[in-house]
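Residue numbers (numbering that gives the first Met the number 0), protein chains in the order written: chain A, 0 to 180; chain B, 0 to 616; chain C, 0 to 499; chain D, 0 to 301; chain E, 0 to 188.
Note that these hints are calculated values from the structure, not bench results.
Only pairs whose alpha carbons sit at most 27 Å apart, straight line, appear in this in silico DSS-like list of lysine-lysine: (1) A/Lys-156 x A/Lys-4; (2) B/Lys-22 x C/Lys-363; (3) B/Lys-144 x C/Lys-354; (4) B/Lys-529 x A/Lys-167; (5) B/Lys-529 x A/Lys-72; (6) C/Lys-363 x B/Lys-95; (7) B/Lys-95 x C/Lys-443; (8) B/Lys-144 x C/Lys-435; (9) D/Lys-29 x A/Lys-139; (10) C/Lys-432 x B/Lys-148; (11) A/Lys-115 x A/Lys-167; (12) A/Lys-167 x B/Lys-539; (13) C/Lys-432 x B/Lys-22; (14) B/Lys-539 x A/Lys-72; (15) B/Lys-529 x A/Lys-168; (16) C/Lys-354 x B/Lys-148; (17) B/Lys-144 x C/Lys-432; (18) A/Lys-156 x B/Lys-539; (19) B/Lys-148 x C/Lys-435; (20) A/Lys-156 x A/Lys-168; (21) B/Lys-357 x B/Lys-434; (22) B/Lys-93 x C/Lys-432; (23) B/Lys-22 x C/Lys-443; (24) C/Lys-432 x B/Lys-95; (25) B/Lys-93 x C/Lys-363; (26) B/Lys-341 x C/Lys-363; (27) C/Lys-432 x B/Lys-341; (28) B/Lys-434 x B/Lys-529; (29) B/Lys-529 x A/Lys-156; (30) A/Lys-168 x B/Lys-539; (31) B/Lys-22 x B/Lys-93; (32) B/Lys-95 x C/Lys-435; (33) C/Lys-432 x B/Lys-290; (34) B/Lys-22 x C/Lys-435; (35) B/Lys-148 x C/Lys-363; (36) C/Lys-363 x B/Lys-144.
Listed next, the stretches of chain B that the computed footprint assigns to chain C, with coverage defined by at least 3 CB atoms under 8 Å from CB atoms of chain C: (37) 51-63; (38) 569-582.
Built from N, CA and C at the ideal position, the CB exists for glycine as well.
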Amino acid sequence: MINDKNSQKIVDIIQNWARKQSIWVLAYGTGCGAIEIPPTMTSRYDAERLGVRGAATPRQADVLLITGYLTTKTLKRVIRVYEQMQDPKYVIGFGSCTINGGMYYDSYNTIKVLDKYLPVDVYINGCMPRPESVLAGFGKLQELIGNGEANGATKYKENLEWYRANQKKIIPNWVMPEYNW
Amino acid sequence: MEMIYLIFIIFLGGAVATYLLGKINGVLRDITFLATLIVPAVLFYTQVSIGQTVDFSMSGMNLQWGITDFGYIFAYIVLGLGVLAGIYAVAAMKGKENLGFFYSNYILSIMAMMGILFSRDLVSFFIFWEIMTWSSYLMVVFSGKDVQKVGIKYFIFSAVGAYAMLMAIVTTYSLTGSMMIDSLVTAYPGFDFSMQLLIPILLLIGFGVKSAMMPLHVWASGSYSHAPMAYTAVFSGALSKMGIYGMIIVIVSLVSQIPEGHWFREVIAWLGGITAVGGTLWAVAQDDAKKLLAYSSVAQLGYIIVGVGVGTPLAMLAALFMAVMHGLFKGTLFMAVGAIEKQTGTTNFTEVTGLIRKMPLTFLASLMSIIALAGIPPLGGFIGKWMLYESLVGSDHYMLVIVVFFSSTAAFLYCYKFLFGFFLGQEEPEWAHVKEAPAMMVVPMIIMAIGSFILGVFPGLILNPIDAGLQELGYASTQGRYWEMSMLFNEWGDKVVLQPILYTIIAVFVFFFVFVVAKNFKKTRYVSTKDISSSGEIPKAHENLTFSRGFFQPFLRAVEPLMKHQIDPLYTGFGRGMEAIFDFVRRIYTGNGQTYALYAIIFAVLLLIFKNQLFGL
Amino acid sequence: MVGSPVLLIAIPLLAAFLIPLLGMIWKELVRIIPGLVLAYMMILSASLLYYVLENGPIIEVLAGWRPPIGINLVFSPFTGFLATIMTFLGFIVWLYSYRFKRNVEFEPSKKYFIFLMMLVAGSVGIVLTGDIFNQFVFIEIVGISAYALTAFYTGRNAAEASFKYLLMGSLSASALLIAIAIIYSQLGTLNMADIADNIHLMDPRFKVIAMILFIVGLGIEAEIFPLNGWAPDAYTEAPGPIGAAFAGIVVKAGVYAMVRMVFTLFDVSGAVDFLLIIGLITLIIAETTALRQEQLKRMLAYSSIGQMGLVFVAFGIGTTEGIFAALFLMLNHAIIKPLLFFSGSYLVFNSKDKKISEMNGLGKYMPMTAAFFALGSFAIVGLPPFAGFWSKLSILTAAANEGMLLIIALILMVSVVEIVYYFRVVNRIYFFKFDKVTSVVPHKPRINAVIAMAVLGILILVIGFYPDAVTGVLHQASDDLQNTQQYINNVLSVGQTLTN
Amino acid sequence: MELLTHILGAIATVILAFVVGMSYGGIVRKITARVHNRIGPPWYQNFIDAFKLYGKTTAIHHGWMQIMGPAFLMVSSVVTLMFIPVLTNGGWFPNLNFEGDLIFLLYLMVFGPLGMALGAGQTGNPNSAIGVTRGLSQMVGFEIPWVMALVALMIQFDTTSITGLMEAQAQSGTWNMFSSPFAFIAAVLAMLGMFRYSPFDIVGAPTELASGPVSENGGKYLFTMMSSGSIFAFVKLTLYVDIFMGGADNLVILLLKTFSIYMIPVLYGIVSPRYRTEQAIRFFWGWPLFFGVLALIYASIF
Amino acid sequence: MQQLKANLIEHIKTSFKDAREKDYPNENRLDFYVNKQCIPSILTYAKDRLGYIHLSHIAIVDWLEDGEIELIYIIWSPEEKIKMFVRTRVERENSVMPNIDMIWRQANTYEREFREMYGIQFQGLEGEQDFLLEDWDGPPPMRRDFDTEAYADDTFFHRPGREDAQDVREAITKRSGEEIPDFAKKYSR
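Generate coordinates for the entire structure from the input sequences, incorporating the hints supplied.
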């Protein structure tokens, strides 16, 4: 109030804390990684104690969890879903396939490097990563959010043209609403 | 010249003039039409005073016309709705064929309704009743769709009702020697019990048909949906109220005078309750807006009949209030459907979607009317429902409360279906060209929607005349007495103490509006309805994602046992059976001369044989 | 007093003989002169009626013979009223059919108008005469012209219909003749008033037989139930205006004869009730049969029979009110049913089968005719504010005053049936799509026909909006019929004054 | 001055309802987790979620109705709350408590969901509409026994006012749940549907309907819905306590009573699978309806 | 069973002159080559006359060396419990096949897949839009002469770091002493 910048800072700290404590996950379960989500959420590993909870639609979600390989076809949908999410939003790449293509490195229809198309905040390594590593990934994400460093969405916004160029290379027939946040 | 005559002469002359001008010039015709509606309305409200009567004699019967306090309530509905729907009709029917006919018929039915309200004797009552019937019948068949089925069905039912009424009228005449309603009321307690029973039953059959009471309602859905919407607004809003008008007179002035009248009223109330439930369930099942509103009208009339049947002062107040409200909101809704039909060419929920941004004013009017229909505060529908429940609980009709409540809850389903089906949902490119209806159609709707809001907030505006009307029927003044039962009505009427509620609503609304929307308004952006979270899929332009088929399938599956038994097939079967019998009778005329000669001889022989019995010799 | 009632019968009969001769001078005279004669008859009877209502009945004695012996004409309010309706209708029918179709091309065209004139004259004769044998003669005159007119179109069907009519007509004639013979043998008089005065002297067995024979004979003319088999065929096959004339004139004469016999001639107590019963049966059977008809005129014919049944019901109530109602209904029927026949025959003008199903969408192309048909339909089913309503109301009030609730219910039920079949047609005319394949080719009515229909239509509206225009006459007429003794006295006193 | 007290009292009521409702929600999540043999989130997790949702920096709308939907819901909840007597003597929260009428309340409670349904319809998402139709159908199901229970009470005490019912209980000294047990049973069974826990959570089934009516709403909309839902839960619980358990004299008793009654749907829901809509409706028109009729008979005899 | 098979072959051979039997040891299996133009007629014949009402599968083999593609329609009779393999071959370039989805609706799915993945055109095949591949403009990817790795390297980004990756199979061969077959070497790293 006295100093606008300071008060904004305080608000940011509180909000970041809240965002960190409440992570609603939209799991895009295309690949084999989807099978690792149920144990993560249920009794054995209980991600809910960390505030991690499933969201049903992109409008409500904070985190887009991409569990596995993305074909050119599914990439389109993932981009769509990502753009439908509301700021602040984060992306977790899950499994080797999202990092470097994994076992699909030579497939004619599977993208290999996710972060060229979407701003990934956290990668979780493994084929497949076990729930422990998933939780670790969430922990890392919480840490980043808490520090205000998880700014993938901002990056995406700023470098939209670069991302678009990459995306359009894969998806020549581009019909999508404008992204104009 | 007596003002009452003048009103009817203007109506009649206007009807003829409109018809004739329709052959010459469209604009002149429209102007005459509107003038014929507006001038008598103005004359009526300014020049005709309550209790003023004119007497004359016709075909040896003494007739009397004059408006009463009680009729005045209905005159509000008839003339108000008649004028507004008339303005609407001019725009809505533009470009149709045969408009002179339509308009003159419209005027005739308004005239007939006014005539019914003016009639203080049974003959002119019946005459106007029949004029109303056939003019509305001509409207039902005006579109030329399903004429032999729907139109004839309506007319048969109306005729049966009217003839039942006529029988009661002539019986009354033979018993009292007078055609005056008042003399019937005075002489009624002195009749035989059988006559005491017969006359109200016959009259109620007549009124029950018009007010779509349960076993006599089967004409309603077809007729309401087949008439042009501009007329259906009047048809459902005002014309059906004539049945209620008569029914109240019968219930209150006749039946209540005898001790057995209690049972009579119970039956009526229960019939009303069943009507409400059946109408609602069938309304939920409809996919066509006209049909939906038609069944909804049946259901709403059911509530009114419940109120009439229960017959305590509060119930009567509720029934009359709901009658006025129903005229307002159902008129608006039918008009809205008409506007949509004009703009899109269809009224089916499965075809039209997402008109909210194209026809915002129509949506607004429909929304307010639907809220009123559903009986949600603060719009007018609630006041009526509330009074009805209070009266039902107060008069120990416990099961009826449940029945009415069930119907009223299930009504939310079709209310939502109506709004969703037309206005909400996906905005399809097929309807991208749709524009808001012309101003002459929108303005009456908006006026009526605002009217139902005003009556919800200031019910005293109409409750006072209703109270006066009820006093004329012999009820004690209810002014303020029942309204104290709840804070809602504490000192309501002229003064408004609903202010706290209203302030709260407004404050909270503004607060959250600012809080949720305005604060980040710049960051809240509009996206089209194609941009929805459907599993990351992007719906293509031709892909219709709207959910409109089998809208309430699960509910209908659950209530299937209730809807299994219909009365319509029964009537149809009866009709078929009668036709078969008639066809058998027809064979008497063989077309053979010898047979006819034989008939003559047999006839002569039979006369000879039975001469003693026949001629008493 | 503007002229003698005798002229009502004498002039048309005279004209009938002269017309063929005049036709040799100028062909068109064959058609114009009957019109003039009918117009004269209409004016004469109307002015006579006006006189009679003021001054009491006129009893005209023919050839100077005293009433019990000679033939006399009685122009009372009742008979005058009927005669006025008949002559009026005769004129209207002439006006309508003046340039009706085919009557130019066909050879018997000149006979058409002559027969029409004879038909009217005979019917007026039936109504006016005070002598039963004379009545029989007039019935034969009417019959012969009617047979001829029925067969006017000279087709197979027309001939068959005419033959049926002829067959029934001869049955009627023989029955009547025997009945008259019995009465004459018993009482030695043919004068109605005299018979009525002395009927109690008659042997009851003969009386009943005579009456039954009368009922059978007149019932055929009056279309009561089992005796009306000829009617639908005759109405259907005869030219449209003749159907109207049958419904408006001939049947009225039959009803008059029947009613006169029951109310005046015989003192049998059960006869009035018998009228009620037989009327009810006729009404129900005819109306239900009408519902299942496919041809327009046939439907109208059955409707006409049904209306006559209703008239008998009204007479059968037996009170003055009942008679008033019956007369009112007869008046309305005489106006409305011709209108229906007139407009109906133009609607199906170009059709071969005259089916109702061919009338789809004609309202758009024949607006006037269709409007008249609709008006007629509305009126005949008794919808206010048209003429039919008042007669229906008066019948119902009359019945209610006698406590006949069941009969009221039956009448009203039948009315519903009536509504169904009339509105089916009206719906087809107005609210169905015109279809070039199935619909009739529209035909514009000629101006004289439009005038004829318009006159009737206006009358319907006038009576509908202002029934008091006719109720005065009707009341007097019904009083006149009810009061048998006065009739006897009137007629016989004329005889006495002549003697003295 | 009096007006100021009124307004402050009203604000305090809203805050109380919000806090209590949210906390109850969190506790329910905790309890559910314990039943699932999980640790579960902290009891204040709902506050965090709400705050996070409120902190979302962007939002979309498909038209004005979507914006109005949550606002309708909030208005309805708060206004309904204003008419509920929170405490018996009304000491701390003197809102419009003492004039409340049950029938008025019943209709007022529908206002919000219907507005919400309109908002959901405007989004154009078919899942929203499907969810709404299911919700409305289910509502028809449970309203019947619920109204039967209420009517039975109205008959028994010859009043339609909530305060009237509370006074009657105070006079007789027994709670209505004992003096008219059938009505209580019917009302409690109806409550199962009213709270939309399993097995009656078909309305917003997350995996089947993508959370149904709210599927297009995120951020602030969801925050508004969540908070008004909490207030609404408090309203319903307080209403039950008021009419069946004699109301509460102070806050502690209120919390105890509301919590204990809240446990019924929660515990029933945790161990239940999910009904289809027509099954749910048939459930409500089975035993609950039977108990409702019994309650009516009981009430009209005694 | 042999008798039945012989009968069937007799039937088919009399009806379709160019049908050429391919001997196969399995006793409830019938196998023969036909001309591609005969495919609809022989399948209709088998379905309507012989009772082979069920289309189990349509298999496809890319005979790169022969320059032909083989389609195998596998149909089955539930009464005789015999599987019939109807084989035909089409040339690889500009190949056009008769369409059979009016005989079995489910053939449509196979045919659309073949169209996209193998580039075989079917006459009058319904469903113009993309089936499995969206926006594909390269050669049919399932043909054996399509080099998927080169394509992937061209099209997609490549994250460095895999270059020094060991081929697991080499380690396995070392351990177990087996040889990597020649044809597999192309795919080893």
